[in-house]
Amino acid sequence: MPLKLDAIAEAIHAMASTFDGADQRDRLQLALDRLRATDPAHVRRRLDDPQAHPAWVVAYPERSLAATYPLPPLPADFAVLGADGSMIEPDRHNPLRFFVINTGYALLTYGSQPAAEMDAVSQLYYQTDEIFISPDHRTLPIEGALLALKMAVEEMNVLVKAATAITQPQALALRDGTLILWGLDSPGIADDVRQRFLQPYQDALRTLQEMGVPIAAYTSYPNADDVVNALRVGLCRDPSVVCRRCEAIFQRVPPETPICAPLATLVDRFLFSRHLAKGERSECFRSRQDVLKFYDADQAIYFFYLHTGSEIARVEMPAWVARDPVLLDRVHALVYDQCQRGRGYPPALTEAHEQAVITVGDREVVEELVARALADRAVVYVRSQKDQSKRVRGV
Amino acid sequence: MSEGANHPPMERIGEIIETNSLGFVAESFVLHQPPALGSLLRVAVSERTIFAVASLGATAGIDPGRRAVRRSTAEIFDEAVYRAHPQLEHTLRTEFQALLVGFRDGDRPIRQVLPPQPPPLHYSVCACPPAEARLFSQRLPYFRLLLNASGELPADQLLAAHIRAIYHARGDDLAWLEAAAREVAILLRDDYNRLMSVLHAIEP
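First to last, the protein sequences are chains A and B. So for the first sequence, the numbering used here puts the first residue at 579; every next one is plus one. So for the second sequence, the numbering used here puts the first residue at 13; every next one is plus one.
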């Protein structure tokens, strides 16, 4: 009732009319031409320039830009381990501060001895030093971006623990989304706080490395534009790719646009849906995402795009996987195979997610248990008045 | 032939996940292997043994929100689908329903009436060993319970399946089969069509 659908519907009409398919096609063709013609050494030189300051995240083409790699053969026996997390966030309307992280995993073994092991690790965090960072001093609550970091660390820990059960020499650990901890440069996050998350995260990556289990993160329908941005760097005429300087050319009369502008708003997914055939992967690029400056060099994050048959997916992995042709081939072959088995999406991730999901019913049970535990100690469970009003919704 | 509470442990085939005074639903321990339709089952509840007849089997996704989807390809089908998707063993489950037909307290005589209490949730369901099935089927008044049941399966088809299962459990006991046919003829004397459909279905 409150959403004024008639107003929205009008705007949807207007929005659809701004979509210019022909313009999009021309710009995509330009991007494809640039992908094939741009010299990766030129892009590397421009990015290595200490003065360079592009305004966007740019893929670093250590090898080529346009190379494509055919699907490697699938091993006869292999295992794929997926992990995914979900949480009950701290509720500021609740008299007790706590959060729950539920990390699901699925270990699927294929080949001559098919098997599946699926479970979840559920943990309630409530101790002061679990729910605050330096409670006595900064009293920084673990919520939002910090909680997302915490969950990422838990997922890695569960992967490491579950990986000990792998009996197949050819295994792959898989996470949903990204290996890049975006939250590491959240405003106000000090270096010791950052290390509190980054260190166990990198320790887990290293443990998988020692176990010989490559790890990759899988993004379906990615919106990243790192490679398009590398092409923009290739086009740039500024002496050292300083995007700020282009602001001046908008002020000219008549106004001009930067030479890279036709590539703006394109995403890598469009580009590689035209460039890759089914089963092929793109070149493996190094991510230059800003937070990766906090990572150790051997755990730097690389990525490639993969034509899964249904869509273009982005697959991320640490440097030790990207630089090992055997492991890289394994990631390529196994992720592609997962997409075939899972009708477009890896079953190891689907099943891990199913294990991780905290349903509305589960949330209510947790809340009820908290209320009862408090009642046992004669604490009356009083929720905030605002929350009461939302729950009752009287007219 | 005493089938008391001291017999060796029997193979558990399922666990009760829904229960009421008329019957129960159990989850089968092995995917795609519910007990044979019409076969006699037992649930031990301390000193009491409750008897039931398997009345329906079904396999579907564990999560009601996740329906099964097509998994086969030109090369991978039937049993190979399960090898290619090992998680199916965990995301699918086989359930079976059973109708209560009697009970026995300790070594007292078997009573072919509904038990005073339904079997508890999460208790084990076992197949009745042939000796116990033979003992239970010595008398046939419980056929009436099966015929009056209103399950998903037509009652006469369930009764016919049960008679076939017991006939085999009794080692193809023709004399028993004739007695069962006579009992059915009495119970269905007013419904020629149903009578014929049962008699046709139990013909050895």
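I should point out that these hints are in silico values taken from the structure, not numbers from a laboratory. From the three backbone atoms N, C-alpha and C, an ideal C-beta is built for every residue, glycine too. Hints are not guaranteed to be accurate.
Stated by the list, open to error - Part of the chain A face toward chain B, derived, beta carbon under 7 Å: (1) L686; (2) A693; (3) A694; (4) M696; (5) D697; (6) A698; (7) P925.
Each hint, compared with the structure:
1. L686: holds, 5 Å
2. A693: Where the cut-off is 7 Å and the nearest Cβ of chain B is about 5 Å from A:A693, the hint holds.
3. A694: holds, 4 Å
4. M696: Holds, because the Cβ-Cβ distance from A:M696 to chain B comes to roughly 5 Å (cut-off 7 Å).
5. D697: Since chain B brings no Cβ nearer than about 10 Å to A:D697, farther than 7 Å, the hint is violated.
6. A698: It is violated, given that the least Cβ distance between A:A698 and chain B is near 13 Å, above 7 Å.
7. P925: holds, 6 Å
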